[in-house]
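Novice: Chain by chain, the residues run as shown.
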Amino acid sequence: MEFLGYFGGVFEPVAMLLLLGGTVGGLILGATPGLSPTMAVALLIPFTFQLSPAHGLILLGAAYTSTVAGGAVSAILLKIPGAPANIATALDGHEMARRGEGARALHLSFLASGIGGVIGVLLLIFLTPVLAQWALAFGPSHLFWMAILGVTLIGSLDSKSFVKGLLSGCIGLWLSTIGYDDMQGVPRFVFADALTGGINIIAALIGLFAIPQVMEMFAKGRRASAIEQVAVTKHKLSDSFREIGRSGRALSVGTVVGSIIGLIPGVGGQIAGLVAYDQTRKLSPHKAKFGTGHPEGVIAAESANNAMVGPSLVPLLTLSIPGSPTAAVLLGGLLIHGIFPGGDLFDRHPEVIWTFINSMLLGQILMVIFGIWIAASAAKIARAPMPIMAAAVLILAVFGSYSVQQSMGDVYVMLLLGIGMYALEKFGFSAAPLVLGLILGPIAEANFIQGSMIANATDGPLTYFFGGPLNLLLVALVVGSILYSFLSNRAENAALAKAMRAGE
Amino acid sequence: MTGNRTQHTIPALIVLAIAAVVAWLSFTEEPSDAFLFPRVISVFFVGLALWNAYRAVSGLARVGGGIDGGTAINVLPGLLVALVFVFLAATSLGFYAAGALAFVAIYTIYDPVPLSSLNGWIRRIAVTLVFMGVIYGLFALLLQVQTPRGLFF
Chain A
98 MEFLGYFGGV FEPVAMLLLL GGTVGGLILG ATPGLSPTMA VALLIPFTFQ
148 LSPAHGLILL GAAYTSTVAG GAVSAILLKI PGAPANIATA LDGHEMARRG
198 EGARALHLSF LASGIGGVIG VLLLIFLTPV LAQWALAFGP SHLFWMAILG
248 VTLIGSLDSK SFVKGLLSGC IGLWLSTIGY DDMQGVPRFV FADALTGGIN
298 IIAALIGLFA IPQVMEMFAK GRRASAIEQV AVTKHKLSDS FREIGRSGRA
348 LSVGTVVGSI IGLIPGVGGQ IAGLVAYDQT RKLSPHKAKF GTGHPEGVIA
398 AESANNAMVG PSLVPLLTLS IPGSPTAAVL LGGLLIHGIF PGGDLFDRHP
448 EVIWTFINSM LLGQILMVIF GIWIAASAAK IARAPMPIMA AAVLILAVFG
498 SYSVQQSMGD VYVMLLLGIG MYALEKFGFS AAPLVLGLIL GPIAEANFIQ
548 GSMIANATDG PLTYFFGGPL NLLLVALVVG SILYSFLSNR AENAALAKAM
598 RAGE
Chain B
502 MTGNRTQHTI PALIVLAIAA VVAWLSFTEE PSDAFLFPRV ISVFFVGLAL
552 WNAYRAVSGL ARVGGGIDGG TAINVLPGLL VALVFVFLAA TSLGFYAAGA
602 LAFVAIYTIY DPVPLSSLNG WIRRIAVTLV FMGVIYGLFA LLLQVQTPRG
652 LFF
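Quick mapping for you: the protein sequence lines, in order, are chains A and B.
When you read off a place in the first sequence, starting at 1, and then add 97, the result is the number in my numbering.
When you read off a place in the second sequence, starting at 1, and then add 501, the result is the number in my numbering.
Hints are computed from structural coordinates only; laboratory data are not their basis.
Misleading hints may appear alongside valid ones.
[Stated by the list, open to error] Only part of the chain A face toward chain B is listed, based on derived beta-carbon distances under 10 Å:
| hint | residue |
| --- | --- |
| 1 | R196 |
| 2 | L224 |
| 3 | W271 |
| 4 | L292 |
| 5 | M314 |
| 6 | K317 |
| 7 | I516 |
| 8 | K523 |
[What the hints assert, rightly or not] Far from chain A, by Cβ distances over 12 Å, these chain B residues were calculated:
| hint | residue |
| --- | --- |
| 9 | F545 |
| 10 | L619 |
| 11 | I636 |
The beta-carbon is built from N, C-alpha and C at its ideal position, and this holds for glycine as well.
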């Protein structure tokens with residue numbers, strides 16, 4: 098119950114202001130189609146430089162929580178998921194909105210998000226210190242394998258093509274080596290002056306997540322919005338509370354599924370909502386109602402999305418392995434404030450970490466209150482004109498990346514990385530493993546070099562890096578994640594080929 | 502298969518070329534100790550890039566729809582504005598002046614409202630001024646970021 102001692106920090110005026118700002122801003126950003134939670138958190142990082150680490154993390158945590166929930170607004174009202182995590186919400190939520198139950202769907206979505214989110218953060222509170230104690234036993238070889246595992250997990254599980262996912266991870270690892278080598282002071286892969294200091298993580302995060310989305314908006318051209326107009330009529334909040342109370346099955350399935358998926362490094366929220374939706378449908382006596390505007394579909398998907406947020410930070414804070422792409426960006430935010438995740442994190446920075454986690458708990462409640470409050474004007478937010486969003490995100494990305502070190506080099510790198518990522522995404526590569534490679538690269542390299550020195554002085558690299566049960570377990574997980582993805586890719590390809598043959 | 506074989510082959514070969522350069526530099530640059538980790542990465546990088554190129558050349562690459570002509574035509578004007586803004590205008594005109602011009606240019610290019618509409622222009626200029634005011638408040642006043650001034654500011 099150590100966390101209770103740090104609740105005071107959350108109620109400081111600045112912290113509360115940031116929590117409120119992050120929550121409301123996150124809800125609005127989440128509700129805006131085309132602005133993903135990952136991009137929102139990446140764009141916010143430059144604004145945390147002048148804040149204390151705890152306050153910076155409060156802002157980022159609030160934005161993470163509320164953008165995921167806010168994404169339900171556009172999913173329900175426009176059938177455009179604000180984030181990939183909200184895909185399942187659109188299935189029943191939009192059907193409810195079409196028959197005039199938009200406000201009811203929004204109420205249920207925010208209430209389910211809040212309940213799932215609180216349980217997820219409680220898991221974060223109680224599991225993290227336990228896992229952190231376990232992580233204290235990790236040596237350089239284990240930390241090296243953990244970093245590699247992070248890249249292979251996201252590379253193989255977060256991508257549609259496991260070759261391209263792993264290749265994205267390799268590109269990220271290589272990008273992390275650009276600049277002066279810390280040990281020898283030698284320049285590596287410095288092809289231009291802007292790269293002398295290496296690739297700044299924050300500028301890279303902004304470029305990799307914001308610029309491809311700006312270009313996606315450009316790709317739509319001058320088309321006037323052809324989105325179906327859905328009117329939002331009022332709904333009694335007390336009725337929504339009663340309905341949530343009666344939806345125990347959807348709520349518990351969503352929360353359990355979301356929490357478990359959040360704990361698995363690299364899997365992230367994209368699939369939490371879909372898996373929870375599918376499981377709830379299978380367990381429901383009203384299977385046929387799903388997809389026709391059944392409230393349980395919204396409740397299961399949204400409780401899972403936000404239940405995932407807290408647990409996705411457990412592997413991040415203890416093992417440096419983010420549970421989702423947004424958590425990977427949050428890792429960049431931690432590192433920029435000099436906070437290195439690991440087993441001793443709670444001994445080194447207890448006030449920062451507990452204040453941050455406590456703020457997420459309070460943030461869930463604020464998210465419900467403000468989410469329901471903005472539900473009335475949600476339709477306007479969700480219909481923000483695309484050209485304004487594209488121009489605004491581009492300008493914010495340029496100013497944000499410049500403000501990191503007040504260097505034009507960072508802006509050039511940000512824009513070029515973003516353009517390159519857009520092109521790569523069009524051919525099946527994904528940003529998440531690349532970002533993870535970029536973030537975990539220095540951790541992997543430092544532990545690899547340290548481990549190699551120990552290995553040379555002791556039993557040699559083979560015994561040091563592959564000996565012992567923990568090394569073997571981690572290597573098996575690395576190989577297992579790659580094999581699993583390879584086999585499931587093959588199965589999908591075989592099924593596709595069979596379907597194509599059948600169609601001929 | 503989504504996207505044609507050539508569409509997938511070109512980026513796959515570019516990635517392979519990058520991997521080959523990374524591997525070559527990692528194995529030839531001195532001091533070799535500084536390139537130990539890049540050497541390890543480059544082995545996997547080249548291996549995966551070769552596999553990816555083989556799949557693309559043999560028409561097995563199915564993920565990713567590629568970039569069609571229509572998308573390229575739509576993206577190009579906005580991309581040009583972004584490149585001119587970052588690489589030329591930001592330092593020569595000043596960050597805020599160039600930012601305002603880039604904002605209004607993108608808004609105008611992608612706004613479905615006809616260019617002949619006076620109301621459309623009033624809205625574009627008003628939104629640009631309000632947005633740049635907020636950006637100035639955030640970055641210049643709150644975060645005290647010193648941006649390149651150029652001709653204007």
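Novice: Are the hints correct? Go through all of them and say.
Specialist: Verification of the supplied hints:
1. The beta carbon of R196 (chain A) comes no nearer than 29 Å to any beta carbon in chain B, farther than 10 Å, and the hint placing it at the interface is violated.
2. Because the beta carbon of L224 (chain A) sits about 32 Å from the nearest beta carbon in chain B, more than 10 Å, this interface hint is broken.
3. Look at W271 (chain A): its Cβ gets to within about 5 Å of chain B, closer than 10 Å, so that hint holds up.
4. Violation of the interface hint for L292 (chain A) is found here, the shortest Cβ-Cβ separation to chain B being roughly 13 Å, above the 10 Å cut-off.
5. Interface restraint check: M314 (chain A) against chain B, minimum CB-CB distance 7 Å, threshold 10 Å, status holds.
6. Proximity of K317 (chain A) to chain B holds as hinted, the smallest CB-CB distance being about 7 Å (cut-off 10 Å).
7. The interface hint given for I516 (chain A) holds, since its Cβ lies 7 Å from the closest Cβ of chain B, which is under the 10 Å cut-off.
8. A hinted interface residue such as K523 (chain A) counts as satisfied when its beta carbon comes closer than 10 Å to some beta carbon of chain B; here the least separation is about 5 Å, so the hint holds.
9. Against chain A, the non-interface label of F545 (chain B) is violated: not every CB pair exceeds 12 Å, the least being about 6 Å.
10. Look at L619 (chain B): its CB is around 18 Å from the nearest CB on chain A, clear of 12 Å, so calling it non-interface holds up.
11. The beta carbon of I636 (chain B) sits about 6 Å from the closest Cβ of chain A, which is not more than 12 Å, so the claim that it is off the interface is violated.
Comparing the model with each earlier hint shows violations of hints 1, 2, 4, 9, 11; every other hint is respected.
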